[in-house]
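There are 2 protein chains.
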Amino acid sequence: MFMVRQISPQVARSTIISAIEQVGKEIKLAGWVERVRSHGKISFFDLRDRSGTIQIAAFDEEAAQVSSLSVQDVVEIEGEVKARDEKYINPEIETGSVEIRLKKLKVISKAAEMPFDMGGKDLDLELPTLLDFRALTLRHPKIAPIFKVQEVVIDSFRKAMQEKEFTEFQSPVIIPQTAEGGAEVFEVDYFGHKAFLAQSPQFYKQILVGVYERVFTVNKTLRAEPSITTRHLAEVTTLDAEFGFIDSWLDVLLMAEYTIKYILAAVAEKAEKELEVYSASLPKVAESIPRLKLREAQEIIMKRTGRDNRKEPDLTPEDEREISKYALQEKGSDLIFITHYPVEKRPFYTYEDPDDPGYTLSADLIGKGIEWMTGGQRINDPALLTENAKKRGIDIKKSDLYLQAFAYGMPPEGGFSFGSERIVMQILGLSNIREASLFPRDMERVDTRFSKTEK
Amino acid sequence: MFMVRQISPQVARSTIISAIEQVGKEIKLAGWVERVRSHGKISFFDLRDRSGTIQIAAFDEEAAQVSSLSVQDVVEIEGEVKARDEKYINPEIETGSVEIRLKKLKVISKAAEMPFDMGGKDLDLELPTLLDFRALTLRHPKIAPIFKVQEVVIDSFRKAMQEKEFTEFQSPVIIPQTAEGGAEVFEVDYFGHKAFLAQSPQFYKQILVGVYERVFTVNKTLRAEPSITTRHLAEVTTLDAEFGFIDSWLDVLLMAEYTIKYILAAVAEKAEKELEVYSASLPKVAESIPRLKLREAQEIIMKRTGRDNRKEPDLTPEDEREISKYALQEKGSDLIFITHYPVEKRPFYTYEDPDDPGYTLSADLIGKGIEWMTGGQRINDPALLTENAKKRGIDIKKSDLYLQAFAYGMPPEGGFSFGSERIVMQILGLSNIREASLFPRDMERVDTRFSKTEK
Chain A
1 MFMVRQISPQ
11 VARSTIISAI
21 EQVGKEIKLA
31 GWVERVRSHG
41 KISFFDLRDR
51 SGTIQIAAFD
61 EEAAQVSSLS
71 VQDVVEIEGE
81 VKARDEKYIN
91 PEIETGSVEI
101 RLKKLKVISK
111 AAEMPFDMGG
121 KDLDLELPTL
131 LDFRALTLRH
141 PKIAPIFKVQ
151 EVVIDSFRKA
161 MQEKEFTEFQ
171 SPVIIPQTAE
181 GGAEVFEVDY
191 FGHKAFLAQS
201 PQFYKQILVG
211 VYERVFTVNK
221 TLRAEPSITT
231 RHLAEVTTLD
241 AEFGFIDSWL
251 DVLLMAEYTI
261 KYILAAVAEK
271 AEKELEVYSA
281 SLPKVAESIP
291 RLKLREAQEI
301 IMKRTGRDNR
311 KEPDLTPEDE
321 REISKYALQE
331 KGSDLIFITH
341 YPVEKRPFYT
351 YEDPDDPGYT
361 LSADLIGKGI
371 EWMTGGQRIN
381 DPALLTENAK
391 KRGIDIKKSD
401 LYLQAFAYGM
411 PPEGGFSFGS
421 ERIVMQILGL
431 SNIREASLFP
441 RDMERVDTRF
451 SKTEK
Chain B
1 MFMVRQISPQ
11 VARSTIISAI
21 EQVGKEIKLA
31 GWVERVRSHG
41 KISFFDLRDR
51 SGTIQIAAFD
61 EEAAQVSSLS
71 VQDVVEIEGE
81 VKARDEKYIN
91 PEIETGSVEI
101 RLKKLKVISK
111 AAEMPFDMGG
121 KDLDLELPTL
131 LDFRALTLRH
141 PKIAPIFKVQ
151 EVVIDSFRKA
161 MQEKEFTEFQ
171 SPVIIPQTAE
181 GGAEVFEVDY
191 FGHKAFLAQS
201 PQFYKQILVG
211 VYERVFTVNK
221 TLRAEPSITT
231 RHLAEVTTLD
241 AEFGFIDSWL
251 DVLLMAEYTI
261 KYILAAVAEK
271 AEKELEVYSA
281 SLPKVAESIP
291 RLKLREAQEI
301 IMKRTGRDNR
311 KEPDLTPEDE
321 REISKYALQE
331 KGSDLIFITH
341 YPVEKRPFYT
351 YEDPDDPGYT
361 LSADLIGKGI
371 EWMTGGQRIN
381 DPALLTENAK
391 KRGIDIKKSD
401 LYLQAFAYGM
411 PPEGGFSFGS
421 ERIVMQILGL
431 SNIREASLFP
441 RDMERVDTRF
451 SKTEK
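Line order of the protein sequences matches chains A and B. Counting in the numbering used here, the first sequence runs from 1 upward without gaps. Counting in the numbering used here, the second sequence runs from 1 upward without gaps.
No lab work stands behind these hints, which were simulated from the structure alone. Some hints could be false.
Short derived list, chain B residues pointing at chain A, Cβ under 7 Å [unchecked claim]:
#1 R134
#2 E168
#3 E184
#4 E187
#5 H193
#6 Y212
#7 P411
#8 M443
#9 V446
Residues of chain B placed beyond 10 Å of chain A at every Cβ, according to the derived structure [what the hints assert, rightly or not]:
#10 R37
#11 K87
#12 K121
#13 L127
#14 F133
#15 K148
#16 L222
#17 D314
#18 Y326
#19 D356
#20 G429
The structure displayed is predicted, hence computed values, not measured ones. By construction, the Cβ of each residue, glycine as well, lies at the ideal position given by its N, Cα and C atoms.
Next comes chain A alone, as it looks inside the complex (with noise of 0.2 Å):
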């Protein structure tokens, strides 16, 4: 710790923003070292808080100090706010016209040698290396604003679920038995007894329409699941919505088109900022999100690419990706509906369109090439679920409050599932949904590489 002249404590701090209304005026602030230029008698030095960045320029005996400073030094200064030439106002940074000429400064915290270049405008990393040093790498002003992005999506789809009348439950990580019957769930030893984690909210979300009539719940939800790609995570944030007296499934689509049209204006208005440092411009939303059915979906792509797929029960990756620019091109709109899953393809609770037997009132949206969303109408009658369940093999009884719940009386019903990674992901332009977690968990890591745990 070294001191230039000591730091007056009976100043309070002010936030690095705020300095751009007190031009002329002493002020004091703390905060992270970004980067460092010296220049001999002149030495620059960018601080970063949690409302900014802001330019330090010291001369003369102040810029030799500044000179030994380090990237992410935490760092607490006064001096005075100048307003900048016009020449050198920088129109890239909040604060770009001002900066603070240095008059003392005090190491808080010294940082150790950064083990890669931090004082970049880009992180040009290894993904492993990227998350190895995810402590670290998330500081940087390419990596911190994505998840100011994943902050708005998950804030605005609470705002419009609450908008709607929809109530805020907590719903359980640890289950009895998992509700879509997959193999690919997590067990827990939970005090000698077998239990799992939840892959989704599904069957408390239900429960609770019973209850509440319209809920919604944000989740870590937990999947198993044994493959590595870009777009599948252990663990996910997902944003779940459920209600009752739905007058057919068209009200669970339209709910999940006024839900993501609601989070993308509100991503465009609260993350201006972060969006611009990805240089993304929001999905474009047709009016009306344009629907088709899976089999629809499929001879569309046969046309354009002459790839037979429609015997699959569900859309490739590869199919995705195609839909996606048939939507853009023919319906202007980066999100489509694709419906009518077939019921061997769905959870043992969706419902048959009874008009078209054999394929489910479900639906995923599809935005930019992956499933951002699934939802549809569910089986109300407890005595078609019993039995439903039954043809899976799922042992529906161990489930015995999920029964309760339709057994005691429930409307007809839907909802949806949005997984908020993906949402990020798509909106910024990610390779990797990896990099939309701020602590993804897969195969190979849990924060640190198993690999490197077991040497």
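With chain A's structure known, arrange chain B on it following the hints.
Chain B in isolation, oriented as in the chain A frame:
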């Protein structure tokens, strides 16, 4: 399914609460039957939807059909909104100035026979029954409000933090090692590797102080506490905040104080109806929440009760209740901070008070006899963190992201964590924390009691 007359599909459904404004009009409503009273030629029932409850009156032919309704049946009705005679106004429900004169009735989903009386004002069940039938009991007008209060507590926590420029983040459930080094952690088989469930977002919120300076997160946290008490759960929803550039640990206490006052004010404003159901008055909070060192508290308790626990490193449950009594009687506050727990009783990252060696700059907030919050200043020196972890037998190298955060520059920082269920429990005066959890997890139950599933 039966009908009096055909329900009009073209009429839009109104919410129950909107009926107040539609006197004289014919409207359509839908919801759950709450109580049925039949008196021959006249029958009444209460109908519930997401917005409230209303009385439906039926005469003659319709009365006979209403008398066949059961509690929890899901129905759609049409009828005329009638203003009630002055003497029949029911001040206990929001719609008490009106009732609906039934014209048409359709049962959408018939409920099975109730296993107990769901039509009363109270729900007098033993806890195991309350939970065995959770999907049903949550619908009771005495139970559903509990989670409306939880919703307000959680939502207002987020708002309180946002107003102070905290960034919300998503903390992982699956972690490589426990933050606190305790044994009470659930283990997961993670693709053949050993991983754990997060007992808290502690490490991650500290890491993110380095990124966003001020952060908060709402999480399900999991503790394998092998004990059955009225105030512990295996899964709780915690409200966590952490922030840097504190001038002293008192900044942490002041931020926690601001936060709980904000939450309580929000509950008073937004959960007025729900508080009335429990005849609950909000905890008294002194202008400034009183603070006592643990040792001072133990002295006071000894003087008041003769109980000498001055050598204990923590308050016993009995002591927590006694010090709360003291705080209310002597300081006019239902909330009190107990500070300066001994170093060995707090996690390895807790800051030791340089002016009171052996004791920490940490605090618990005790509210109405139990702990609501724990928090304090953290060590931000990576060498000291490593040394302390080692003393406790924690292999801190396994948490290399955590160490990184401190190695690469970290300001003085601290934070706190509230338990949402405990706040709700104490606000409403519930006798067991399980009542304040939608789907409580403990040693004996994950939805269904283990003794039942294993029979």
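Holds or violated: is there a CB of chain A closer than 7 Å to the CB of B:Y212? Given a least distance of 6 Å, the restraint on B:Y212 holds.
Given a cut of 7 Å on the nearest C-beta pair, is the interface hint for B:V446 held or broken against chain A? Holds. Min distance 5 Å.
Is the nearest Cβ of chain A still more than 10 Å from the Cβ of B:D356? Correct as stated: the minimum Cβ-Cβ distance to chain A is 21 Å, above 10 Å.
Quick check for students: does the CB of B:G429 sit more than 10 Å from each CB in chain A? About 21 Å separates B:G429 from the closest Cβ of chain A, which puts it past 10 Å; holds.
Taking the shortest Cβ-to-Cβ distance between B:F133 and chain A, state whether it exceeds 10 Å. Answer for B:F133: violated, closest chain A Cβ roughly 6 Å.
The output says B:D314 does not contact chain A. Does that hold with a beta carbon cutoff of 10 Å? Fine: 24 Å to the nearest Cβ keeps B:D314 off the interface.
10 Å cut-off, C-beta based - B:L222 kept clear of every residue in chain A: Contrary to the label, B:L222 does not stay out of reach of chain A, its closest Cβ about 6 Å off (not over 10 Å).
Hey, is B:Y326 genuinely clear of chain A, shortest beta carbon separation above 10 Å? holds, 33 Å
If I take the minimum Cβ distance from B:K148 to any residue of chain A, is it greater than 10 Å? violated, 7 Å
Once the shortest beta carbon distance from B:M443 to chain A is found, is it less than 7 Å? Result: holds, 5 Å to nearest chain A Cβ.
Against chain A, run the beta carbon of B:P411 and see if the smallest gap drops under 7 Å. holds, 5 Å
Would you check whether the claim that B:L127 is not at the interface survives, using Cβ distances to chain A and the 10 Å cut-off? Holds, since 15 Å exceeds 10 Å.
Hints 3, 14, 15, 16 from the list above are not met by this structure, while the remaining hints are.
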